[in-house]
Each structure stands twice: as structure tokens, then as C-alpha cells.
Amino acid sequence: MSKLMPLSEAIARYVHDGDTVYAAGFTHLIPFAAGHEIIRQRRQGLVLARATPDLIYDQLVAAGCARKVIFSYMGNPGVGSLRIVRAEIEAGNLDWEEYSHFGMISRLQAGATGLPFMPMNPTAAGDLERANPLYKKVIDPYGGGEVVVVPALRPDVAIVHVQRADAEGNAHIWGIIGEQKEAAFAAERVILTAEEIVDAEVIRSDPNRTLIPGFIVDAVCHVPYCAHPSYTQGYYDRDNSFYLKWDEISKTREGVQAYLDEWVYGVKDRAEYWEKLGAETHERLKVGSRPSIVVNYGNY
Amino acid sequence: MTDAREYSAAELMTINAARLLRDGDVVFVGVGLPNLACNLARRTHAPNLVMIYEAGVIGAQPSRLPLSIGDPTLVSGALAVCSMYDIFALYLQRGNVDVGFLGGAQIDRFGNINATVIGEYDHPKVRLPGSGGSMEIAAWANRCYIITPHQKRRFPERVDFRTSAGFLSGREEREAARLRGTGPQAVVTDLGILEPDETGELVLTALHPGKTVEQARENTGWGLRIAPELRITPPPTKEELRILREELDPRGIYLKDGG
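Here the protein sequences line up with chains A and B, keeping their order.
Per the numbering used here, the very first residue in the first sequence carries number 1; after that it's consecutive.
Per the numbering used here, the very first residue in the second sequence carries number 1; after that it's consecutive.
Don't read these hints as lab results, they were simulated from the structure.
Predicted, not measured: the structure shown is a model, and the values here were computed from it.
Using N, Cα and C, we set each Cβ at its ideal position, and we do this for glycine too.
It is possible that part of the hints are untrue.
Computed footprint of chain B on chain A; a stretch qualifies when at least three of its residues, placed anywhere within it, have a C-beta under 8 Å from a C-beta of chain B [to be verified]: (1) 94-102; (2) 123-135; (3) 149-159; (4) 178-192; (5) 235-241; (6) 269-283.
Under 10 Å between C-beta atoms, here's a sample of chain A residues computed to sit facing chain B [unchecked claim]: (7) M1; (8) S2; (9) P6; (10) T52; (11) R86; (12) A87; (13) I89; (14) E90; (15) I105; (16) L108; (17) G175; (18) R290; (19) I293; (20) G298; (21) Y300.
Just chain B, with the same shape it has in the complex (with noise of 0.2 Å):
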């Protein structure tokens, strides 16, 4: 068994998130982290997982890592490649999509994303990406996984701008929308992972071991509630580590970092 100090926080994020995907799923993937989950995910426990990203390349099987969401790498030996119209409507909007990744600058209590502006959006204070796919994402994919460092900036009571839906001002609200997805399933944090409650409300369900609760609390902007049964999640095993470092980030461009 590894222990706690040898693994950075990116490689446990990644390997908890990779642990959520099931065999089969049809995934919208995102670069950095969500592409290393998938592609662990599809050496290990999930061979015939579907990677589609939003540039319109369905089943892509990358043989290096790639660097951005338009990779010619991602293009070579794919399923299919489509339009950005078709890839949003015939394959997303549709329903085809199972799995989505989101990330963003601010995640709240109800799992809604900020990824557009930090202070007012007419006179922004600080201007973010915005949403690329992620509105449409939040709202449609089947399931979605939020993949973030904990910290307290990160986790605020309400977002400043609400780039894509959480569960709104609880799933009462998001359930009335009628949206197609049923929303964010899990936050996977350095420390542990979020998962919403009856009321949408992210609850801590589990810790990484040697995570306390006092540290999720101390980074957690609301006060957070801890679920009766508080796991805690299997550490990395030798295997998924060695996939992540000799197979698919070799550089430690995603990976390596202070953990």
C-alpha cells in the first residue's frame, strides 16, 4: 500500500474521479485532469468507455497526451469527428451523453458553476474563460463530475455569476427547469468528495485518508455538513499510479504538482 505523502493532490483527484466513471459510459471530456480520468478509467476498470469532446471528435483514442481540446492527437484513430453544431445538438443536447466534467472558479452550495466573472459582469473584476460548453453541459449530460482543488475561495455560499446549473437554489428548482441531466453527482476535492443531498445541498460523503473533517470545513465557504456514513476512499493503488505516470502524464505537465 502507498501512504499519504506519495501521491500529489492531482493524481488523487484524478484517480477518485476516474473510480466514478462506469464501463460503457459515453463521456464529454475535458484537457487536464478529466482527460487523464477517462483514459485511466478505460485502462483499468472501464474498457469501453466513450471519450467525446467538444471540438466534435467522438471516441477518440489518444496516443499522447493531449494538450488542448483540439489536439490532432484526438483525431487520429477516433470513432468519428463532427461539427461543433452537431456535437452539441445530435450528440449532447439529444441525450447521447452520459457523463460530463465541469470545472470552474467558484462551486456553491448547490452545485452551481461560476467560470464567467468574479465581481460584477458588467465591470468585472476578474474575467474569466467563460462558459465554452459547460452551460449546455450542466443542464444535459446524464450525470456530471466537478473535479477541484478544496479551498475556500473555490467554495463560496453563492456563486457570483452562475455560469451552469447546479442544483439551482435547491433540486426542487433545478427539478421544475425540467433539464434533461440530473446534475452534479459529485465535487472530487483534494481532501474528499461532495455529493448532494435530498435538497441538492453538497454534503462531504467522503475523506482521502489521512483528510480530516476540520481541514473540509476550514475550505469550505458555508457551513458544510458531513454525511452520517463518512467514508473513506481507498487509497491510490500501485497500478493506477503507474498508468498515470508511465502511460498518460510521463512529464507531469497535469500531475505533477505539491499535492
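Isolated chain A (complex conformation) (with noise of 0.2 Å):
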């Protein structure tokens, strides 16, 4: 059965106010598209859980959509800090929740794989574990000493954005794969967005590249460069410099409303966007060819 749908429509139906949301990728394949439609459409109270939030994140709480953060590294990465998210933190204005990167994804795995809560090694440190009285120590049951564990997160919808899906949302993936298989599978509802909707064959034709299976997926959207200004592994490059020109535009908050009533609410969708970022970008962010060589499954 086709999911296909517009991603607005996607939005409109399974992202709530109040809704505790995890938009996934690792710098990868961040769903940018998405969380500018939700700002579009004015969502409220979101809670915004993800290992590393980055623009968009602050976008979101820029645009008033997010009550509170759950995080493990609140940066922009590769240029520094992430300045509204962290004024509003500063501030005593938004809620925050922090983890250190397995401690965040071993959340994900417990929701993904059904257990209540995940455990892992001691780490000694101690203070973020006082900070954050969601760390709990339990003693192995087996004999060894104590192991710190972290309770099952399973946000209200995960957004993942792929290469490519079939209609019913089969997806491949390639690339960095961070945690959007975990988070797919913890959500309780998923919109998937991807640069291109192919054939079921074509997904067939490589089942090891399938990391999410369709029938645990309940939106399928067909946004290219969804990601930008991140990127898509083998579409296009990361925008760098719209990195570097976050970090000046968040200086202010009459900057980042410019940006917002430009780049958001001043155009309809990620189609009006791209063409409206420009030939010289489009032809920037380009990518050479380096295909993997063909494996063989074996006609059995």
C-alpha cells in the first residue's frame, strides 16, 4: 500500500504539539525540509530529542516550536556553538535533558529493540549522571560490579531522511547511518523523507541496504535535497558555508527572524527553497561519481 503523500500533509498528520520528536542523522542526512515545515506550520511545545541537535534544532526553538531539548552534543558542528539553543538554556527559558552520545543512543536502542532501559560500562565521571537523575546504577546480576543504565526513549515520531524508498517506504540507506535505524524503530510514528522514490525491485535488488523496513513507516515523502544544508551521500555535498553564515546570522535575533520570514515562511516547500538557493549553489554542492562495485545475491 502506497504512503506516498506531500510532506505538508505528513506533518499535519503525525507531528502534534506537545510531541516529543526526533528528527535523526549525524550530520548526515539531516532533515531539514521537515523542520521547516513544522515551523510553518507552527507547531508548539515540541520536545526535540537528538544525539547532536544542530541549525535546525536552533531553528525550531528560534521559531517557538520547542519546550525543551534531549541532547548529547549541542553544537554546530565543525564551526561551534549553537547560539539560540544556548542563550535560551543560559536564559532559563528552555528545558534541557543531556546524555553523553551512548548514554543518548543506548536510549535508542532500549526503545528500538522494546527493553525498558539499556546498560552500559561505568565511565567514572559521575557529575552528568548527578545532573541527570535519569542515570541509574543497577548491579549485574551476574556476578560483576555495578553498570549505569539509561530508561527506554521512544519519541512520538521520528523523521529520517533516506537516498531512497519505495512507495511503501522501504528505505536504503548509505553513507554515515547514525542512529536513524534505532530511531525509526523506537518512534511510534515515522515520516520518511527521501531524495528519490524508486521501484520495489530496485529495493529488492539490494535487501542488505534496507534499514527500514516499510511496514513500520507511516509517511512516505518524495523531498530532494531535503537535507540541505546538510548533505546525502553520493547527491550532494554539505553546504559549509551556510554553516559558517548560521553562526553570524544567530548573532541576532532580528537576523535569524530575517532569515526565518525569508528562507521558511517566505516559500511554500523544499522545491521553492532549492530553486530559490540558486544555480551557483546547486552546481557548488554538486558530487563526482564513486560507485561501490556491484555484489552478487545469487540466483537461487
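Both chains are sitting in their own frames, so use the hints and assemble them into the complex.
What follows is the structure in C-alpha cells.
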């Protein structure tokens, strides 16, 4: 059964005020277009979870969509600080819940596998475990020492961008695969955005590359260039100059508002946004070809 | 031979960090100077170095300078790519990582690191990015190295927040915690190198050419002790500088500083 729908419809149907949202990705495949659509639809009171919240969470917080962030590293990747989230935390306007990367990812792993919590070996650092009471310690029932545990994270909705999917949501991802699979399995609802919608036989030609099966997906949206200024491996490069530019834009409230007015509220959808970026940017972000060598699954 | 004015502080730190790596080491790498140090080591004395990135990339051979820890150039031509959970569980927690590089806003007398907050946690004066992978790297990588400019505010007696463990309150406390890794083995600064003594306290064991003990003491927030046999690090070689400037960071994105 086809789950294809426009991104605006998927956000309207599956992202509600107050939801815990996991917009997945470690630098790669960040679903910026979905974040912008959430801003356009003026969702409020969201809990934004992600190991590495980057510019899109800065923009969602700036637009007033969020009441809380859950994270393990809050920065503009490769550039520096995430100014809006940081300023709102320092001003006491935004709740936060914090883990190390392994703690955050273990929470998702527990959620994705249906377990109540996940154990980890101790790190002895101590202060983060004291600061966040959701970190607990339990005794290894098999005779070892203490292990640290974190509770399952089960987001209301995960948003995952992929290179290609079929209409049912069976999805191929390659390159850095971060926590996309875990986010999808952990969440109640899954919105998939894809650079390309392909026939099911393309997916079936390479089943090892399918990280997300269609039967856990609620919506499939065809959104080319969804990840800009992040990137999609093999499709387009990361727009590093924009990450640097955001560091300037986000220095003032006026700068951020002007950006949102022009590039989020001021465009209808991602296609219009990409067109507006212009030919020079399109050219600059093109990538050359470096295909894998085809594998033979055998004809059985 | 080059003289002390012919290289930047960033180049000096990168070259000295590269020299700490051993051929065959599996290294958990960060962007910026650690990435440059690893690539320099790979092109000089450690051709079999394996670079692992917390984004889940194993055996990266970046053909351009990666500008973030998730740069696509890390993937193309890599040995393997896995999920974040796998990189932390199968590789780091399981004990398959020899070296971890760490950084942070503050490093204290016993090598504990703060990358989380200046001031109180609940009412932060300055909110920093947070742990990322550093809490686990500091605990579980077999050896850890820290690269940081030598400034008093970066070297307090005690960190405001202990994001990742050095020797805690001393080597005995770390040993009692039975962590897999041996903790920070060297802190490379623009003035010299600090290494832990038998109690876990960081002491000055080497100075870079032209730097002085007084400079190191003035820029350290505790009574810095000096090792009995203080070494002078060999100056950067022309070849090391050439590789950094011509091959690894030709636009000077990370290496161009006042020095």
C-alpha cells in the first residue's frame, strides 16, 4: 500500500503539539525540509530529541516550536556553538535533558528493541549522572560490579531522510547511518523523506542496504534536497558555507527572524527553497561519482 | 632547521600530538587538530594507523580536509561504516580502541575534563556543547591524549564540571573504578607537554623549543610541578610542516593562527 503524500500533509497528520520529535541524523541526512515545514505549521511545545541537535533545532527553538531539548552534543558541527539553543538554556527559557553520546544512543537502542532500559559500563566521570537523575546504577545480577542504565527513549515521531525508498517506505540508506534505524524503530510514528522514490524491485535488488522496512513507516514523502545545508551521500555535498553563515545570522534575533521570514515562511516548500538557492549553489554542491562494485546475491 | 617563529601554535601542537601515535594504533579521532595529527602520523611514521570517527566510520582515508566529524569524505574509501550504537559498543566499549583524543574548556590537575558548563549546571554561566563521545572515550580508550592551548583559564585546579574522567582525585581512585582505559597519558599544549606522575597529577615533562618553565607556570591554575628530567621537544621538521601546509590543510583553516 502506497504511503506517498506531500511533506506538508505528513507533518499535519503525524506531528502534534507537545510531541517528542526525533529528527535523526549525525551530520548526514538531516531532514531540514521537515523542520522548516514544522515551523511553517507553527507547532508548539515540542520536545526535540537528538544526539547532535544542529542548526535545524536552533531554528525550531528560535521559531518558538520547542519547550525542551534532549541531546548529547549541542553544537554547530565543525563551526562552534549552537547560539539560540545555548542562549535559551542560559536564560532559563528552555528545559534540557542531557546524556553522553553512548547514553543517548543507548536510550534509543532500548526504545528500538522494546527493552525498558539499557546497561552501559561505568565511566566514573560522575557529574552528568548526578545532574540527570534518569541515569541510574544497577548491580550486575551475574556477579559483576555496577553498571549504568538509561531508560528507553520512545519518541512520538521520528523523521528520517534517506537516499531512496519505495512507495511503501522500504528504505535504502548508505554513508553515515548514525541513529536513523534506531530512531525509526523506537518511535510511535515514522515520517520518511527520500531523495528518490524507486520501484520495489530496486529495493529488493540489494536487501542488505534496507535499514528501515516499510511496515514501520507511516508516511513517505518525496523531497529532493531535503537535507540542505546538510548533505546526502552521493547526491550533494554539505553546504559548509551556510553552517559558517548561520554562526553570523544567529548572533542576533533580528538576523534569525529575517532568515526565517525569507527562507522558511517565505517559501512554499523545499522545491521552492532549492530553486531560490540558485544555480551557483546547485553547482557548488554537486558531487562526482564513486560507485560501489556490484555484489552478486545469486539467483536461487 | 626551522626556528621558533616559523610555525604556528596549532602546527606545533599538531606535530607533537602526531608523534605520540604508534604505527597500528586504532584511534578515535575528532575534527580539527586531532584529525590533522592522525593524518600527519599516517603520512610519516604510522602508515598503518586506523582512524575511527564517532559518526560510525572505520578506517577513513579522507581525500580532502574534513570540516565536520560527519563529513562525506570520511565515508568514501573507508573500511567500514556502522551505526553510532555499534561504534560506541562494539569498538569503544568492547576495548577495540587504542587511542582517544579529547578536548574541553577546562582540564584540571588530575586530567579531568569539563566540556559541559562554566558555573552551576542548573544555572549555567556559559553553556558548552556537552560530552558528545568524550565521557566514554576518556574511560574506555586504552590511552588518551589532550590537545589544548596553554592558558590559565583552561587549566584550573578543579574543573567546574567533570564531563570525563582523568585520574579523578588521583590515580588510586581511577584504578578503584576499574575502567578499561589507562586515562590521559599526555596533554600537548603550545608551551610543552604535561604527563601524569605516579599519583596521576599532571606535571610538566617537556618544553617546546624557546618556551620556558615560567611561562608554563604562569599559565597553569595550580602549582605546576616540573619533572626532574625536563625534555625539550625536537622542533617541527620541514617535512612535517610541508605535509600539514601543502597536503592536509592548504587553506590554513585549522593551522593558521598567530602562534
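Each hint, compared with the structure:
no. : hint    : in the structure
1   : 94-102  : holds (count 5)
2   : 123-135 : holds (count 7)
3   : 149-159 : violated (count 0)
4   : 178-192 : holds (count 4)
5   : 235-241 : holds (count 3)
6   : 269-283 : violated (count 0)
7   : M1      : violated, 28 Å
8   : S2      : violated, 28 Å
9   : P6      : violated, 28 Å
10  : T52     : holds, 8 Å
11  : R86     : holds, 5 Å
12  : A87     : holds, 8 Å
13  : I89     : holds, 5 Å
14  : E90     : holds, 5 Å
15  : I105    : holds, 5 Å
16  : L108    : holds, 8 Å
17  : G175    : holds, 5 Å
18  : R290    : holds, 5 Å
19  : I293    : violated, 13 Å
20  : G298    : violated, 23 Å
21  : Y300    : violated, 27 Å
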